[in-house]
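Student: Mind assembling these two chains? They're in different frames, but the hints should get you there.
Those protein sequence lines, which keep their order, are chains A and B.
Each residue of the first sequence is one higher than the last, beginning at 1 in my numbering.
Each residue of the second sequence is one higher than the last, beginning at 660 in my numbering.
Worth double-checking, as some hints may not be accurate.
Stated by the list, open to error - Label-pair restraints from in silico Cβ distances:
| # | chain 1 | residue 1 | chain 2 | residue 2 | range |
| --- | --- | --- | --- | --- | --- |
| 1 | B | Asp837 | A | Val433 | 33 to 41 Å |
| 2 | A | Asn400 | B | Gln747 | 35 to 43 Å |
| 3 | B | Gln747 | A | Glu357 | 16 to 24 Å |
To be verified - Going by beta-carbon spacing under 10 Å, a handful of chain B positions derived as facing chain A:
| # | residue |
| --- | --- |
| 4 | Gln747 |
| 5 | Asp771 |
| 6 | Ala785 |
| 7 | Asn786 |
| 8 | Met810 |
| 9 | Val811 |
| 10 | Ala812 |
| 11 | Asp816 |
| 12 | Ala822 |
| 13 | Arg846 |
| 14 | Val854 |
| 15 | Ser855 |
For the record, the hints were derived by calculation from the structure and aren't laboratory data.
The C-beta atom is built at its ideal place from N, Cα and C for all residues, glycine as well.
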Amino acid sequence: MFVPVLVLRLQLCVTIEDFRHAIHAGRFVRNTFLNFSQNHFMTKITTAFIASAVLAMSTTHQLIAQDEACLGISSNTINWLSFNSGEGPGGSVGNFQSDPTDLAFIDIALVGGETAFREGYPRGVTDGVGLTNWDIVNGNAANGSVLFPMTEYSMLNENGGDSVAMRISYTFGNVLPAGSLITVSRFNWQRNVSLRTRAFVEAKDEAGNLLPPSTLVMVDNYDFENRSSVESLGWDLNYDDTTGELAHLKPGLLPLFEAIDTDLVLLTNTEPISFMEFSVFENPTNAASQSFPFRIGIGKPAFAIRDGKFHGLIENAEPTTFNTGSGLLKVNARGGFSARFRFDGVAYRFGGKFNAEGNDWSGMVTSRDGPPVDVTMKFGADAAGIGLAVNGTIEGVPGNSTFSLMFSPYASGCELPLDIGGPYTALIASPVVPSDDLPGGQCYAMGVVRQNGYAGFYTRTAENVVGYAGGYLNRLNEFAFQANSHTQLSNKRREDIIIGKLLFEDIAGASDFNGSVTVYKTDDTRYRNYYPLGYQYEAAIVGSHYFPPMPGNTNIGDVSVDDLILSDNFSLEGRRANFTDSSSFKRTRFSPITGEISGRYKNSVDGRWRAFGGVVFQKTQSGGGWALGSYLRNATGKVGSFLINATPQIIIVPVRFDQ
Amino acid sequence: MVSTAMNKRVRVILVSALLLVSSSIVFRLANTKSVSGEAPSKENPDAKVFPLASGIGAPSTSHGKLGSSSVRTANPLKELPVLAWSPQAVEKAFASNNNATRHRKMLALLMDAPVEHKPDLADHVANLTPDDDYAPVAWLISRRIVEGEAMVALLQDLHHRPADIKLPIMAEILSQEDHPGAPEAERALTVYLQVSHGYPSNAWQSEVEKYLATN
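Next up, chain B with everything else stripped away, as it sits in the complex (with noise of 0.2 Å):
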């Protein structure tokens, strides 16, 4: 009887491991395709998919940080046109008829711009930047590379985003120290994962992915 008991255990434990071993597998590839921009997204099957929590963790140098295990592999800013920002700059972004690249030019400007004019151009980003090429903007959100109204700016406009967009930021918000976008981070989170965890913590990052791939 005993040894039955400990096989069903010992049977159990396995399933168990073997599950989550699985679920781990099946998690990290599909993160590594998202990753390289492959594989599609859940709110659109035609859409790239945006990088997970594990993606946008910030190595070391973030500061802040909690201590994030991944390293993000490249900077998306290093991608974009190099502008210089002027008034007339700014001026013919807008006069272009391109719109599927004025996102782009928008935030090279925003990175070259006085810090006055920042929050405005962080406004344009913010609205022009399409979900299939969020990743330079959650890299400025995520490292804190804009500051004030222009964070603020990118904070109000992430929470329109798709949830497997959001939600992994939101994460990374939470397990840094002091990020502007903590509160309404948790608010969110709170009301997606029904779980609380205050911040700064990594644990929110799990019940993302947790959330993510069962919803």
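Next comes chain A alone, as it looks inside the complex (with noise of 0.2 Å):
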């Protein structure tokens, strides 16, 4: 009879999400000093020791994932929920999870006695080297053959013995849906003192309620040695789907030998699963008091419902202002979900919950501002079929459209790299054959990066309209950019957009992130628009770090607006900055804080003042924007370029940024 003398809670916080987990890790430290306590077996010095344990395992994994994990998941058909092992007596370092951002407990309660941990465990291992032709399970397969990441476990049970007991339970941060793998192996059998290993298993649903036995099905027994004698059956082990028990299969066959390890068996789950147990309530020793290792291993599909968020655009292989626009999801560990698409312009916010079968959802959205769209997506992977994302179709009268929307892991708590985070600017060049009804001059845009991948940026059009654009960076820190930009009074209501993907990468010498984007500006005519024939082009964007300066510095360099020089000095006041108005120009500043600078200049032309407007560009000692015309409205519109010359620039000290 085993009493419940000490309840050992080793929870293995598993990957980087322990950033947003601390209270759950603190709270877990706490019990685990609180729970020794209780116990006057165990001295202080060990439970410092597997506090300091359980410390250190949280750090390491957090370094793991950052620097490894982050990339995104694996492209394998399934991926296997890993026990990676580390140096030390006493305890592992290590982490649980399947890919880099998924989460998942182990909570493993001794229940046998006065007994702990036996050293150096539970520890990852792998299993089934060399195996081949488990196809349903090839997904970690190399050169033919299968591995099987599993957790191994062993107790120590100090007072002597023949047997411990335990119960070993996962809680899946992410469902683990229907289909998963459930890999168990090793039980082992001892004649001496004539014991086995066995277990019990129990399983509950998303809501936390018990699942029957036959929840989960036994899918394949693998013979190690491809033995075929009678005896060799009792290395088989069975899962019972009536009672939940496994066992070695035939255990009259048992006493035939001294002792055996069983071979594994492979279950899958027909439900999806939030928290499973395996009760181990026998557990044979050696003569050192040691339990014989068993082992575990859980796998799941690579592209089911996670939780996170993802973004991405909505694309048309004729893209027009109508059939274009982003989506962002927020998904949480059951498949609930929240939307917010932009399509044709319109916000649809709308909510529901993905199939835990198909990992999919359909339904009609509606929105007060335009007509109904059919929304149809489903996990699957990213266009470059190594990540996790989102992928449907949106259908309506302004056309049918699809999206991927990519998984962001910088929204779930891995690192944002070093050098993305923090102010840009960012210029988009002008049409190449600028005209009347296409003006050129650059439009521009101020943003910030956040450290949860997070990018929001304001654009300013060549014709003076602000716009917005913000989302998540995916995994190859990529930005979906979609700014709605249109003026707020209903009678001049405008859907110019800029669309495109931007790439946070560093091109010496050039920029800070570039892509490719297209200015649309509609034309409805139902909007009174400068340019009433509508117009559209494709241009390249490019963006620079922004390092607002300190007060002091007073030089920005020469400015060339509409062919008329403005070169003076501006002086920093506090946070604002202001020129020198002289007789071409006036009411010119410069923010410190997005690092823009406009005002107006007077036309040569027609001798009237007109607005400029452009931002810095420091990587490039650089910047550039837009200069209204003389004869905008009606007529012969026009948009002049804003340059500012490469030297003397904004003398650049870099100072924190406001994140």
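Tutor: What follows is the structure, encoded as structure tokens:
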């Protein structure tokens, strides 16, 4: 009879998600100390040691996740949740994860008397090296073989005895979807004590309700050695889907052997599982009172429902202002989601719950501002085939388009690369052939990338209209840029859209991000429009880190606006910067916060004051923008360029980011 | 000559004063309509208009307030359904077929949720809440009723709202001391208004009113 004297909870916080679960970890450490302090058999030294090991475990796996794992999930058919063992006696350092930002906990409760962890356990191991022909699980196949990353458990009965017992539970941060795989192996038999490893398995659904044992189905029982004799059945492990017991298939054969381990059994689940517990009620020990190790491995389909944020563009083979846009999705671990799509300039905000079996959702979505659209979404691989995305279609009056919203690791706690975060300025190239109906000058943007991967950019078009693009960087450090620009008066509403994909990468002497965007101006006659025919053009966009100047930096360099030269110093007063006005310029100002320069200049043709605007571009010690021309409305509209000469430029003194 | 010049000056002053009073009345009327939810949005003629800055302004109970003179008449959170947070309640809200009320249910759950669950719920509230029912979210932001990552989620979404919703809220944020949304609000308003007042400052509110009245 086992008396539950000690409950020892080893909580393997498993990914970079720990940053967000620091409270949870703190609670664990506290509980660990409390639990141990209640047990007079454990010394304070042991208590401190294990607590330290757990802290080290957490820290180490954070580093692993940041450096290696946040690149994206595997493209393998199965993502094996792996326990990675580390160095050090009395405990292991490691993690338990299926993808970089996945989260799961292993809790171990010792219920077999005065027991403790056996030195070096639990630990990560692999099983099945050299196995072949297991196509169903060939996700981790290498040269036709299969590896099963597994966790090996072994305990120590410090007071002696023939057996130990424990409960090992797995709590999944993201529900283990139906069709996942559970492998169990190395259940041991010892004739001298007539004991064998046995366990009951319990699983709970998404709502925490206990599932029947038949939820788990045995897929196969692998024979490592290709044994074929009747006796070899002693090696077979069985799962009883009536009682939920894992044990040797033919216990009657076991006395034929001095000691044997089982082979590997492979189970799958027919329902989503949020919690699974292996209650090991018999596990023989050796002469040193160490229990014989057994192994458990869990794998799940790679492209299943998971929590996180997903962001991407709505695209069309023949893109127009009507059939493009962007989508942002927030999903919880049980498939509940909320979405914000902008399609044809209309905001569609909706929610629902993904189907756990198909990992999909579909429905009609309405908006007060536009016609209803039919949306279908399904978890799957991204365009590169190696990352997680939510792919789908959006169909309606504006057109039928597709989207691939890619998972953002940074929104789930992975660390943003150091060289990406912070403020930026960006310039969009002029049309190749500007005309009266297609204005020259450069649209520009000012924004910030936050540590959670959220990028927000305010844009200003060449017609002096403000827009905003916001969303999350994906694992490739791409940003789906989509800014809707329009005036706020309903009778002047204009649907100007700037849309494209940016890539954050440092190109020496050129840019800190780059990409291509399309600038659209609708020809919808409902809107009074400076360019009634509408237009669209594709142009390169480049971005530069922007470091606000410190007070005292006074030189912005030579500014050339529509053939006029503004060569003047400015002064910083607090957060304001002011140019000295001249006969050709007035109300000229530089914003240290955004890097924007704007003002008025006297047009040389008609002598009227016109607006100009632009941003500094520190990467190349230059800048750019636009200057409104002489005959803007109704006739021969014109937008001219705005240049900031290369030198001298604002003296760069890196200061704190406002993040 | 002196008399004529003075008359001109007086006339200019009178006309200016008249213009100021007229614009003030027009603005107040528009604002009254906004609070009552009857006036159409400048963004969309069919939409309800969100209260402008003076309507959002918190009373003296708001911490860090510099002293907004206006007082919001009613707490929009009181109009939310009464829901007790639980994981099951959240799932039930997602499973509901009624997209029109989901954002309100989610907001009610956010208000009742343990602090560790608030950021996720705030993300959902931000995504789901339509422009014409934004007042409760504006209340959360301006009164700092949520904190940390939950506040970050609401603030990030705020930038996606039409100018007649977000600019007054940003001005309200910048009138407070140490509001977490101040740096980004200042960045945004600097772009829109092309002026700089720093923060905390009440000067942003009048600039926003001028901008919305003329754009």
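Student: If any of the earlier hints don't hold here, list their numbers in rising order.
Tutor: 1, 5 and 8
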